[in-house]
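Asks: Sequence order for the protein chains is A and B. If you're matching positions, the first sequence starts at 1 in the working numbering and goes up one per residue. If you're matching positions, the second sequence starts at 1 in the working numbering and goes up one per residue.
Simulated from the structure, these hints should not be mistaken for lab results. Be a bit skeptical, because a hint or two may be false.
Which copy is meant is left open, because identical chains are indistinguishable; a pair holds if it fits in one copy or across any two.
As the list claims (entries may be wrong) - No farther apart than 25 Å at their CA atoms in a straight line, the calculated lysine to aspartate or glutamate pairs in the DMTMM-like style are these:
(1) K322 x E477
(2) K350 x E36
(3) K20 x E484
(4) K20 x D417
(5) K20 x D230
(6) K233 x E50
(7) K448 x E484
(8) K439 x E78
(9) K190 x E2
(10) K247 x E440
(11) K350 x E432
Protein chains: 2
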Amino acid sequence: MELPLLTDLYQFTMAYGYWKSGRHREAAEFELFFREAPFQGGFTVYCGLEESLNFLRGFRFSRSDTDYLRSVMPSTVEEGFFHYLETVNAAEVTVTSFPEGSVVFPREPLMKVRGPLLVVQLLETTLLCLVNYASLVATNAARFRLAVGPEKRLLEMGLRRAQGPDGGLSASKYSYVGGFDCTSNVLAGKRFGIPVAGTVAHSYVTSFSSIDEVQGQTLQPADGQGGEVDFLKLSWTWLEEVCQLLKMPPHSTNVGELAAFISYAIAFPLSFLVVVDTYSVMMSGVPNFCAVALALHELGYKAVGVRLDSGDLARQSVEIRKIFRRCAERFNVPAFENLSIAVSNNISEKSLKLLTQMENEINVIGVGTHLVTCTLQPSLGCVYKLVQVNNQPRMKLSEDQEKTTIPGSKAVYRLYDGSDQPLLDLMTLGDEPPPEIGKEVKIYEVGKNIETQTVTPLRAELLHRVYFRNGQMLDSEPLPSITEVRSRAQRSLTNLSPQHRKLEDPHPYRVAVTEKLHRLLSALRRSSESRANLMQFSTGN
Amino acid sequence: MELPLLTDLYQFTMAYGYWKSGRHREAAEFELFFREAPFQGGFTVYCGLEESLNFLRGFRFSRSDTDYLRSVMPSTVEEGFFHYLETVNAAEVTVTSFPEGSVVFPREPLMKVRGPLLVVQLLETTLLCLVNYASLVATNAARFRLAVGPEKRLLEMGLRRAQGPDGGLSASKYSYVGGFDCTSNVLAGKRFGIPVAGTVAHSYVTSFSSIDEVQGQTLQPADGQGGEVDFLKLSWTWLEEVCQLLKMPPHSTNVGELAAFISYAIAFPLSFLVVVDTYSVMMSGVPNFCAVALALHELGYKAVGVRLDSGDLARQSVEIRKIFRRCAERFNVPAFENLSIAVSNNISEKSLKLLTQMENEINVIGVGTHLVTCTLQPSLGCVYKLVQVNNQPRMKLSEDQEKTTIPGSKAVYRLYDGSDQPLLDLMTLGDEPPPEIGKEVKIYEVGKNIETQTVTPLRAELLHRVYFRNGQMLDSEPLPSITEVRSRAQRSLTNLSPQHRKLEDPHPYRVAVTEKLHRLLSALRRSSESRANLMQFSTGN
């Protein structure tokens, strides 16, 4: 995709404004941040860095791009601008960022982008597009993981409900980072090396209507000894046993479903897992499954389990487990006790929480729509704001106090207490020394107009790293694999204290600024309010 | 993107099941439908057809795809299956569909996909992914258009909040189809020929801090007569006049903002539209704008207007219009009365409705997040269900009554009354004759277990068309341009009666089945409930 053109038109009109007034090569710094953690939660998992850096590497405009721009921009735009655009790339851009997968908080710069004013302005929309959804869905996935605990297996299966092909790919990738175990999305598996999973849908079951459709099919015992066995006959016999055990009329289950299960077992004797709610779970799906699974076990194979896609999932899982246990006991097949029960059916964070609070025998949970569309809050409001031009700090005041920005190029430190628990994140101006260990630091909490607080850090971790300089990724910061990003996310979440991590009414994690940054902020605000020239304030003072 | 692999793994495990049991070439038909209109509304705008057909044209698996599949599917899968997969394409697939942009209703097949069982099964997830979001966002856009009425200009600007690059492209494309006028998304403009719009962001304004930054820049009068004019000086003079008119201290506005406006006006003398809320709308942004716009007018240019991105948009627009009128009168510049006022700021369907009910002077509305993420309901639940195999109807019963499907290959007619108003959509079995004009037809409304109704259509429109056969688009149904699709959507919505079209508590549009289809449905349900063999029922009986 032609990412450099995937941006808002106003980036180009602004670029022309800069060019026309000869300011296009002034040194500027933008920062990318959000104002509030999504889902009324306390944390955000930062993602999208690698894709952003790849975008930067390929950032240039083709002749066809400038031809198009010429056709839509006002006729007063000078030809020289389009020629200049054709020379533009990210060779003078520096990107400093949190590592991908970090747990981040409101108002701190996730990414700082420094370079010629015209270039870094043009990057805005694409960078936001690459970071916003990636971070949102990773955070959502992390919440599902926290809601369900570490034991149950989580499968992402939202491709069909995502915002088109690439929305689906991103959803799979970043759900994995957020803590899911696998995806149904094959292309995501191929591209990113994420584990993939899935067996059968209802259409497979309904495509069979008669036992004739599997007549004559055979299966060899697992140990390869003895000849092919008539697997239909074997399953049919087991169905009689199962119906007797369950006190059902013999062969009262749906035969199309039975045929589907038999054919699937012949195809996948080592990975037999089928959906059991096409007709009736307890009167057809489960008895049919047990019959075919017992036939497999007789031949030395092991069935995997069942999937439920409707109804009361917790209650049904308990009932099904009981049947599995009865089969295990009656037919002396201990493995039956531990068959897997997978569920899906429009699962949300809320329903997942309820599910885990109820008695249940569920092993695997598939989540689609609510995960990939982030129903609770379908967007993360990352913004990209100018904080410095020619080493002079800039800020945007606003009648919405919330939209006011924090000026200047900043470093962010995570300060830890004596037990190595994070105390808060502290933003300093770029030219300030790092906070001194064991010494009291004056801080001002962001978004609170209260008096100074003090903290005494016993460790201070500089959170940003330089990832990109002179148009190149840096060898000093090789990009981690997706598994490493996933581990970082899980580790960062674990390090967070439970009151910051909890899904509802979390205690807000503190983000603060130093005294010097606080003074700059107040001075620029006063200066703007008194409508004086902003020029006189600089980080140097 | 390798779309054929952008699907759920279970499509391949099912495909193997079909192949292994020798059923892969059986003639099957799936249909794509949804169960409920989104946003608790009465209608859905169907989109995604063209992209679906393009996907079909390129549908084949590469060696690298089958290599990947071999690595993730169970080791029991036979090699012959992967070889077979490499031969698979859409050459035997037929697609019958509503035209793109049609207004459609729950339960009717939007798209019917017929072909070899294995192939049409494999298409499921990708088709759903291509239709679901496209239709959802087009419908959402149509609702914004209905909420605001035909007069105001609607700009889509959601790229930065979409689900990644392609989510953003789809959002722009289908918002236009749904009734938006233009997009901020440049690539969407280039790819689809959608009008693009946009001027400046706050960063442009904050990047200027001093009047020095535009010193020495000049502008030639519009008629090319006379020499270059010192535009800074001219604007400065006008600012004095404006401040006097508005009873403000002279030059009390923010000078950085003034500098930004002057530089932008020099760059775009024929399309001067700037954002006026970087500092204070009434104390800085509007006076600065008026000064620069008046300077432009003095030189024979025409300013375009202002944009607001915060605060009470309706109230501010009224106040700004008053100032424009005062300027028009005092300085004898009539064009000032009709300057454009554009607004944005997290606009939702609800806030848009409120806005239009209030006194306002707004001309252009930019909508981002709520449009592209469809906050009110971020997914459309289209599903793809098997309705027929080997000319035998199939249905999926479910313990969730709602999830039960309607069996058989169906045609859909829109029946009209004497005043050519749509009465209802009627589904017939494929081999039934069309409803007779002027003759009473027995119908059964879908989802209602009530007695027969009758209608007497005075016109019956067959809604489906065949778009794809033998791996090819059909010349008989050339795909319409995006503008034609947009017109169809707007026309279809206009034809819909107001009570079906209204955004809240709409009267449900009726979708019904014929007596014959109703009988088939009942018979299959009874048959399954009595666990008999489904084989005996066919469309032929």
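Asks: Enumerate the violated hints, using their earlier numbering and listing them in ascending order.
Replies: 1, 3, 4, 6, 7, 8, 10, 11
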